[in-house]
Amino acid sequence: MTPNSARTGVRREAVVRWAVTFSVAGIVLFLNGDRIGQLIGPGRSVLIQALVTGLLIGGVYSLVSMGLTLIFGVLHIINFAHGALMTVGMYTAFSLVANLGFDPYATILVTVGLLLIIGAAVQKLLINRVMGESLEKQLLLTLGLAIFIENLLLVVFSPTPRAIQLTYDSGSLSLFGLEISWPFRAFGAVATLPRTLAFVGALVLAGLLFLLLRRTKLGTAIRAVAENPRGAALVGINVPRIYVLTFALGTGCVGAAAALVLPFLSLEPTTGDAFNIIAFVVVVLGGMGNVIGALVGGLLIGVTQQVGGVLFVDQSNLLAVFILFVLALYLRPEGLLGKAKA
Amino acid sequence: MTSATQLWRRVDRNVKILVVVAIGLALLPLWLQGASLEIGIRILLFAMLATAWNLMAGYAGLFSFGHAAYFGIGAYATAVLQVDYGWSPWLGMLVGMVLAGLFAVGTGYLSFRYRLKGAYFVLTTFAFAEMLRLIFLHWDFVNEAIGFRVPLNRDASWTDMQFPPDSPAYYYVVLGMLLAVLLVVISLMRSRSGYYIIAVRDNEDAAAALGVNPMRYKLYAVGLSGAMTAMGGTFYFQYIFFIDPSLAFGPGVSIQILLPAIIGGMGTMWGPLIGAFLLVPLGEWTSGLVRNPPDVLSFLDGRAGLDLMIFGAVLVAIIMFLPKGVYGSVTHAVAVRQQRRRRDPVASVSGTSDE
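So the protein lines, in turn, are chains A and B. Position one of the first sequence corresponds to residue 1 (this note's numbering), numbered consecutively onward. Position one of the second sequence corresponds to residue 343 (this note's numbering), numbered consecutively onward.
The following block holds chain A by itself, in its conformation from the complex (with noise of 0.2 Å):
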C-alpha cells in the first residue's frame, strides 16, 4: 500500500475496525445471551464480586505494568524477565515470613530493595550490552535471563506450591469511634483484606512513581532520555546511568507488587508468568512507554479477566484478556491514551 492510499482509506478503515468490533460483541452477546442475562438478572452479585475481585488485582497489574511501560519507553526493551524477577521478590518475602517470622507486609522493604539493586546490575551487566542491538537479541537477552531465573528458583525451591497465612485476615479495629472490621463486604461482594491491601499499596506506590516522575529532577531526566537520549546527553545527563535507574525503578514496581501478592497467591516458581503476559497486554493497550495508560489499563484489564472469567464460564478467564488485546491492538495500535501522550 503506498502512504498516499493509506491517507485515503483512514476513513475507511476507522469504520471496518468499529464494524468488527461490533460484529465480535454481537457474536459474544449472541452465544452467551442467557449467561448475561442471567448475570444481570438474578447473578447480579456473582457479576459485582467479579467487578470487585477484577478492580483490586486490576491495581497490582497497574503497578507491574508501570514498571515494564517505564523500561519500554525509556530503554525500548521488552523485558520478558519482568514476572521473573517478580517470583524473585515474591520467594525473597516468602522466606522473610517463613524463616524469619517478618509481618508479610513488612517485606516490602526488603523487596523492594532487593529488586531495585538486582534491576541495576542486570541492566548495568548485561542488558547494557545490547542497547541499540536489534530487537529480537533484546528479546531473547532477557528471555534467556527468565529462563535461567525460573529455573534457578525450582532448583532452590522446588515445584511445590507454598503460601502464607496472614494472621490477621478478618478482624475490626476502631477508629475515631468509627467500627471498620473485615473482611470488607459491599453490595453483597466481599473485598478480602489482603486484596484491598494490595491494591490500595499498589495505587500509593504508582502514585508515588508518577510524582518521582513528574516532580523531582531525576523524573525530568528520565523522560528528557525517554524523549531523547542524544538530547538529554548533550545538557549534561548521564545517560547510560539514566538508563540504569530505570531499570531497577521498573523492577521495583515488581518487587513492590511481589509483596502485596504474596497474602493471596499461591507461590510456585511460575507465578510471575501469569503477570508478566498481563503486563505485556496491559503495556500495548495502554500505549507502550505510556505510565498513566498501564495505570487505567492495568484496572481494565484486572475486571476484564475477572468479568470474562464469569461470562465464559468453562474458559480461562485470560481468554477475555488476549481478545480485548487483539482488538486493541487493530483498533488503537497506538494505545488506549496514545493521542494524550506526553
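Calculated from the structure, these hints are not laboratory results. Heads up, the beta-carbon is just placed ideally off N, CA and C, and yes, glycines get one too. It is possible that part of the hints are untrue.
Covered stretches of chain B, as calculated for chain A (at least 3 residues, CB under 8 Å) [said to hold, decoys possible]: (1) 463–473; (2) 477–484; (3) 657–663.
Starting from the structure of chain A, add chain B where the hints point.
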C-alpha cells in the same frame, strides 16, 4: 543476461550444498542407534521448524514469537482426523498445513493491514498462540487438557507414519520433511518472489513505489512458513505419540522453534540447520548431566530445572559474547556479500572475484 548467470551461480551453490547435506544426513543412521538416533531426529525436526520460521522472520523480517500456533494446528489437525475419523496422518498433515497456512495468512493480514510493527507485531504473534492454547485447553472437541494419543498399530506402517521404536524410518521421514522445506526456501529465495520478499523487508516504501505489493509478499512468506511449520507438528505428534495444548501451543514451543535460527544466524539459508546441530545436543547434554551427575555435581542429583537453568545461562552467554550467533563470521560475510549484490549489482558483476 549477466544477472541471470549471477543468479544461476547462487542457485547452483545452495543446491549443491543441499545435495551434499542430504547425502551426509541420509548416511548418518549407519552410525546412530538408540539414544543418538533420537537426538538426530530431534535435530532434524528443529532444523526444519527453524528453517520455516527463518523464512518469515529472517527473510521477510517479520519476527514471530508465536510459531507454536502453526505447529499446534498441524499437530491437532492430524490428531483429530486420525483419532476421531481414522484418516492417515499424511492426509491430516496436508489438512493441517492448509489450515495453518490460512490461519497465518488471516492473522497476518490483520496485523499488516493495521501496520503492526516491531514489538507490537512480536506480541501479537505471541498473543495468537496463547489464545489458541487457552481455547484448546477448554474445548471438549479436542479433549480439553487431556489431548490426544496416537492409536497404536500392531505392525509398522508407512501409511500410518508409525514404525517400531528404534526404527530409522522416523529419521528418514523427518529428513524428507527437512529437505523439502529447505528446497522450498531455496527455490523461493532464488525466484522473483524471493527477491520481492527481501525488498519489502529492507525497505517497504521503496518496494511499494517500484510496484511490489508488500502485503502480497509478506502474506506469501507468512503463509508458507506457517504451512511448513504445521508439517513439523504432524511429525511431532506421530513421533512422541501424544499431544496436549501446552505441548502444541505453549510459549516454550515457539522459543524452541526460533532459537536454532537465532543461534545459527537469522536470514541465512543454513543458519537454522547449524543452530539445531548445536542447540539440540546442548540441551541433551545438560539434561543428561542432571540425570547422571558426575561426582563433583552429585548434590544436584534429581533437582528438576537444572538443565533449563544451564540452557538459559548459555542463551544469555551466546547473546552477550557471540552477538552474531555461533556461526557469526560466516553468516555475516554472506550477508555483506548479498547486500552488496542487491544494492549494486553492476559492481558485483564486474568484481566477481568473491566466488
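For each hint, the structure was consulted:
no., hint, verdict
1, 463–473, "holds (count 8)"
2, 477–484, "holds (count 3)"
3, 657–663, "holds (count 4)"
No hint from the list above goes unmet by this structure.
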